[in-house]
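Novice: In the order they appear, the protein sequences are chains A and B. Per this note's numbering, residue 470 is the first one in the first sequence, and the count goes up by one each step. Per this note's numbering, residue 96 is the first one in the second sequence, and the count goes up by one each step.
Just so you know, these hints were derived from the structure itself, not from any lab. Please note: incorrect hints may appear among the correct ones.
[What the hints assert, rightly or not] Going by beta-carbon spacing under 10 Å, a handful of chain B positions derived as facing chain A:
1) Ile108
2) Asn125
3) Gln128
4) Gly135
5) Gly137
6) Gln192
[Stated by the list, open to error] Calculated from the model, a selection of chain A residues having no Cβ within reach of chain B, i.e. all distances over 10 Å:
7) Thr476
8) Val481
9) Leu514
10) Asp525
11) Thr539
12) Thr573
C-beta atoms are modelled at their ideal positions from N, C-alpha and C, and glycine is treated no differently.
Listed here are the chains, written in short residue letters.
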Amino acid sequence: NAGVTQTPKFQVLKTGQSMTLQCAQDMNHEYMSWYRQDPGMGLRLIHYSVGAGITDQGEVPNGYNVSRSTTEDFPLRLLSAAPSQTSVYFCASRYTGTGMLGYTFGSGTRLTVV
Amino acid sequence: SQQGEEDPQALSIQEGENATMNCSYKTSINNLQWYRQNSGRGLVHLILIRSNEREKHSGRLRVTLDTSKKSSSLLITASRAADTASYFCATDATGAQKLVFGQGTRLTINP
C-alpha cells in the first residue's frame, strides 16, 4: 500500500515551459486535491476532484489545469510556467464514505521556475 | 484567503515540557483537523475532531474545540525531540468540499 505517490520530487523549469506533476493513489479514494505551499502562506488549494470526471477550482487555480480520468490519478498541469509558480506542491486524497477521516498527503514536488 | 489563524507562529520549549498551539477559524465547520509536517516532508494527519465534540485524545495529543469561539487547541504532553515539526490546523467547512489550512506553528523541542 503506497498511499499517495507524487512525481517528480524536484523540477526546474524555464519561464514559459509547460509540465505535468503526477499524483497517484492506491487507496480507492474518490476525493483528490492539489495544494501549493509557500513560505508564510501555509497551504493553498489549487484544484480538487470529488471523483472521476469531476473537477473544481480551489483558491488559487490560475495557471493550472487538472483532469480526472481515473479514480487513481490526478495530474496537475502547468500551462506556461512563471516564477510566481515556484513552490512546493502537495497532492492529497481522502476517503469519502461513511465517517470523517483525515487526508493522506504525498511527499511533495519542489518546483523552481527560473 | 486562509480560514484559520494559528498562534503562536513559533514555539521553542525544553524536552519533557508540554506544548500548546491554538487555532482560530471563521466559518461553520464539519470538523477540524491537525497535521504535522517535518522539515522537507509531506503532511501527516494527527487527529480529527468533529463539530459536536469538545475534546479528543490520541496518545500524547489532546485537542479541544470551542465552536462558540471558533477556536481549537492542540496540546502535546511530555514533548520529545522527535516532536520538532510544523503543526497545522485545517478546517472542513460546512457545505464545502475542501480543507482550508492555517499558516502553522513551528515547534522546536530543545534537548
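Novice: Hint compliance check: list the failing hint numbers for this structure, sorted ascending.
Specialist: 1, 9, 10 and 12
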